[in-house]
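Student: The sequence shown begins at 1 in the working numbering and counts up by one.
Keep in mind that the hints were calculated from the coordinates and are not lab data.
A few of these clues could be false.
Distance windows between CB atoms, simulated [stated by the list, open to error]:
1) Leu50 with Arg101: 36 to 42 Å
2) Glu44 with Phe93: 40 to 46 Å
3) Pro24 with Arg90: 41 to 47 Å
4) Glu100 with Val29: 18 to 24 Å
5) Arg101 with Asp52: 32 to 38 Å
6) Gly96 with Lys7: 30 to 36 Å
7) Gly91 with Glu18: 32 to 38 Å
8) Gly91 with Arg53: 20 to 26 Å
9) Thr30 with Asn103: 33 to 39 Å
Values in this document were obtained by computation on a predicted structure and should not be read as measured data.
Using N, Cα and C, we set each Cβ at its ideal position, and we do this for glycine too.
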Amino acid sequence: MEREYDKLVRDNIPEIIEDNGEVPATRAVTGDEYESYLRDKLQEEVAEYLADRDADELADILEVVHALGHVEGLSPQELAERRERKANSRGGFEDGIVLERVN
């Protein structure tokens, strides 16, 4: 049974599909097209996490964020450092503060 996807997948997925006796049709994307597929993948993974609340989906989100960081020329360490700087200056989200209004 043929299934259509047109979505970015992890690098080992074609091999896994072949190991299951199926034949994947793939192509590699680069540049702006790659970035577009990464943004779509981020939205997909966030939606899956929101629907399932599965910790593995959080790991998938992080993987896509790291790939987007790489596109922007940032290593995972540099992303972590930027996150930490922002958390140090503006705080995190641990306290559950909701801004309702400013008078």
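Student: Does each hint fit the structure? Answer for all of them.
Tutor: Verification of the supplied hints:
{"no.": "1", "hint": "Leu50 with Arg101: 36 to 42 Å", "in the structure": "26 Å, violated"}
{"no.": "2", "hint": "Glu44 with Phe93: 40 to 46 Å", "in the structure": "23 Å, violated"}
{"no.": "3", "hint": "Pro24 with Arg90: 41 to 47 Å", "in the structure": "44 Å, holds"}
{"no.": "4", "hint": "Glu100 with Val29: 18 to 24 Å", "in the structure": "43 Å, violated"}
{"no.": "5", "hint": "Arg101 with Asp52: 32 to 38 Å", "in the structure": "33 Å, holds"}
{"no.": "6", "hint": "Gly96 with Lys7: 30 to 36 Å", "in the structure": "34 Å, holds"}
{"no.": "7", "hint": "Gly91 with Glu18: 32 to 38 Å", "in the structure": "47 Å, violated"}
{"no.": "8", "hint": "Gly91 with Arg53: 20 to 26 Å", "in the structure": "24 Å, holds"}
{"no.": "9", "hint": "Thr30 with Asn103: 33 to 39 Å", "in the structure": "50 Å, violated"}
Of the numbered hints stated above, those contradicted by the structure are hints 1, 2, 4, 7 and 9, listed in ascending order.
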